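Q: Chains as they are written, first to last, in this note's numbering: chain B, 24 to 311; chain E, 33 to 308; chain U, 578 to 912.
Derived by calculation from the structure, the hints in this document are not laboratory data.
Being a predicted model, the structure only gives us computed values, none of them experimental.
It is possible that some hints are incorrect.
Some chain U residues near chain B, calculated using beta-carbon distances under 8 Å [claimed, not checked]: (1) 628; (2) 629; (3) 630; (4) 631; (5) 648.
Yeah, the Cβ is synthetic: ideal placement off N, Cα and C, and Gly gets one too.
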Amino acid sequence: MATQHSRSAARLMMAPAVFVLLVWMLVPLCLTLWFSVMDYRPMRGTFDCCEGLGNYTRFVTSSSFQDAVVTTLMMVGGILLITVIGGILLALLLDQPIWGQGPVRILVIAPFFVMPTVSALVWKNMFMNPVNGLFAHLWRGLGMEPIDWLSQLPLFSIILIVAWMWLPFATLILLTSVQSMSSEQLEAAEMDGAGAFSRFFYMILPHMARAITVVILIQTIFLLSIFAEIFVTTGGAFGTRTLTYLVYQRVIESQNVGLGSAGGIIAVILANIVALVLMRIVGKNLDA
Amino acid sequence: MARAITTQRKITLTAVAWIIALLIFFPILWTILTSFKTEADAIADPPLFLNFHWTLENYAVVQDRSDYMRYLWNSIAIAVGSTALGILIAVPAAWSMAFVPGKKTKDILLWMLSTKMLPAVGVLYPIRLILIQTGLLDTKGALIVILTLINLPIIVWMLYTYFKEIPGEILEAARMDGATLRSEILYVLTPMAVPGIASTVLLNIILAWNEAFWTLTLTTVDAAPLTAFIASYSSPEGLFYAKLSAASTMAIAPILIMGWFSQKQLVRGLTFGAVK
Amino acid sequence: MGRITLDKVRKAFGDVEVIPPLDLTIEDGEFVVFVGPSGCGKSTLLRLIAGLEDVSGGQIRIDGEDATMVPPAKRGLAMVFQSYALYPHMSVKKNIAFPMKMAGMPQDEQERRIASAAKALNLTDYLDRRPGQLSGGQRQRVAIGRAIVREPAAFLFDEPLSNLDAALRHGMRLEISELHERLTTTMVYVTHDQVEAMTMADKIVVLQAGVIEQVGSPLELYRAPLNKFVAGFIGSPKMNFLEGEEAAKRNAHTIGIRPEHLTMSTTEGAWRGTVGVAEHLGADTFLHIHPDSARSETMTIRVDGSVTARHGDVVWLSPQEENIHRFDETGLRIA
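Using the sequences and the accompanying hints, generate a full structural model.
A: Next up, the structure:
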């Protein structure tokens with residue numbers, strides 16, 4: 024619905040954004056692709072052609088790769104599960120008439136403002152430390168043996184920390200969605216004899232479907248690249264090495280750029296598969 | 033719902049909501065409290081809540097150890113710079129998508145979003161190499177550009193959703209009234225979209241402020257922002273909880289304060305414009 | 578001056594042709610109304626004239642000059658939108674001033690025109706308000722004010738009254754008509770409401786599926802509709818159509834008779850039927866009659882408000898023969 028003139032103006036105005044993103048995506052990706060078929064270890068001064076697919080086979084067949092994929096899936100899945108379910112419950116609670124709705128909302132969204140390095144360090148030291156952490160004090164106070172969270176339950180601990188940071192976001196989006204539910208619809212359902220549970224499952228939950236997809240999409244985008252939380256807590260030890268972290272270690276820590284680049288390309292491919300699936304779902308939901 | 037709610041029910045709900053909210057907020061509260069304790073008080077068992085010896089010495093120690101103001105300035109420059117640059121590129125793009133949609137518009141938008149899914153680690157080494165070669169490693173300029181690029185899809189998407197709420201007839205009226213494209217965007221669209229733009233700006237300042245992958249891997253000294261300032265506390269060193277807390281408080285305080293002052297826009301921004 | 582000529586103008590969205598090639602001339606100073614059911618292409622046609630859409634073929638001339646490729650701002654036309662399209666962040670005064678500001682008009686001239694437009698439209702007390710603080714009718718007047726100050730060659734109205742309630746709509750209809758009398762500028766007005774078309778227009782253009790069905794003055798359209806579509810569309814309540822025996826008797830495929838051209842009797846007449854719903858409007862009463870012979874589903878008749886007829890009464894209807902319209906099998910009028 025526009026004229027030729029405005030259409031060409033539109034194309035011109037869109038160009039910078041498309042161009043910079045294209046460059047941003049393609050140039051480094053091509054370099055990575057190139058490195059991934061080389062034997063490139065800068066510390067030893069090797070930069071030899073050509074490994075072919077050698078780096079890829081070595082990366083994929085190593086047991087650390089499979090572990091990393093599983094760890095990544097468990098981490099992202101666990102965080103999504105906690106934040107979505109917790110978010111729905113919290114949203115329903117905050118939608119109720121209570122005193123001090125404003126302050127409560129501020130308190131609940133605060134963790135989102137905390138930078139990942141800070142929250143990881145605070146949780147690691149002040150809460151999860153087996154000697155001086157608050158949890159250790161609590162456990163001892165209850166007469167139990169303190170848990171060394173980050174070495175005994177490392178994956179769970181990281182999931183907990185990250186879920187704490189993302190719960191506010193999920194809650195807020197879901198709360199907005201609950202509040203937009205028409206109360207007439209709910210009253211109609213009540214007149215039709217629907218109890219609280221049927222109202223939730225047949226009316227409220229379907230109404231929230233779009234918001235839940237948005238939460239899952241945006242969180243997945245950010246969660247796939249979790250880095251700082253692992254970097255400052257376990258450093259990838261104790262089975263908390265995600266794919267992102269594994270590639271980081273190969274490239275930066277062991278300076279095997281060829282191998283790491285192959286891993287990077289694989290990570291990109293896997294992420295794109297996830298992205299494709301999510302985009303399909305969201306693309307549909309965006310119309311609604 | 034226009035219905036009488038019993039006072040008792042309201043009291044119960046209020047109590048439950050406040051307890052949960054305080055639990056969620058507790059780690060932040062505890063960090064702030066600990067920053068005013070002595071190191072010995074910080075690890076006391078049972079923990080001391082308010083009845084400890086209040087002190088500011090941790091802040092002095094942290095400032096002595098590393099120059100807080102320099103990190104703060106870097107964080108501000110990077111967050112504000114990348115957001116401003118992003119908005120500048122994104123406003124025209126979002127205008128095109130919202131008001132002159134074509135068959136490909138949605139595909140382009142989803143493609144932009146998908147670049148956000150590109151694992152940064154996959155391109156880390158080439159980016160580092162390029163920056164080393166050009167002498168841009170550890171400069172604010174490089175970080176501003178990179179953070180602009182990684183947040184651009186989100187900015188475009190948010191602005192797009194806000195712009196779409198503005199009726200196209202108003203822009204057509206401006207066109208009939210003789211406005212050029214520039215005045216149409218400057219005098220009509222932008223003023224009408226101010227709340228949406230404000231939300232976008234706020235959210236992106238937070239995202240850029242808290243971004244920790246690129247800021248940790250591409251800076252060493254000169255351009256290091258607060259994320260790096262904090263990361264230097266990642267290896268334990270004797271009794272350091274109170275100092276860690278002081279440093280943490282200093283790192284998150286600017287954003288917390290900004291967040292509380294602009295709560296309304298921020299809450300709107302936090303939904304990424306995706307849910308009304 | 579404001580003479581608009583459409584020469585074989587055509588519009589397609591992709592493969593869908595919404596307006597097949599069409600010719601139309603709007604004379605200077607005329608009040609022309611485009612009327613038709615929703616989706617008939619009337620708004621698209623207006624947007625083509627405005628320049629908000631590109632034509633897919635043909636030529637648009639304004640005062641003899643080819644304006645087909647001229648951008649909307651340069652055509653010298655002003656438009657009043659259905660949603661008024663006021664700038665919500667500007668005061669009434671700034672809204673009205675916006676087109677003059679864009680044109681770079683001197684400040685004192687702007688002030689003068691704003692003052693006179695505000696006076697004419699009763700907006701003087703509201704100049705500092707924002708559109709959000711105004712009632713629907715006032716917003717409408719601001720939109721008109723913004724159009725007037727440009728002193729355009731022609732005004733374009735896109736269903737401007739459809740967001741107003743019935744009483745206001747009537748008032749605004751009179752105001753726009755008066756405005757036309759005073760300014761004598763060309764006005765092109767789009768509506769789906771045939772009452773607006775009949776009461777305001779010098780010339781009505783009836784559209785259906787992008788095709789002009791008939792062009793003429795309100796009374797021409799009422800008295801001599803060119804086809805069944807126009808006959809059914811113009812006039813309220815709608816014309817009654819009958820087929821079969823009664824039509825054949827009058828050498829036609831279909832005959833049409835308006836509700837006001839039927840007479841009713843309780844004792845004798847041409848067609849016998851029973852009264853269904855009776856709509857009492859006060860001065861008039863509309864009766865919906867179910868005829869005994871099912872040549873037409875129901876027939877509507879307009880009678881004086883004093884007539885008392887109740888549901889189920891048996892009545893006789895007779896047409897005024899001189900007011901019967903005859904149509905052939907393709908729906909065209911038989912002269």
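Q: Hint by hint, which ones does this structure get wrong, listed from lowest number up?
A: none
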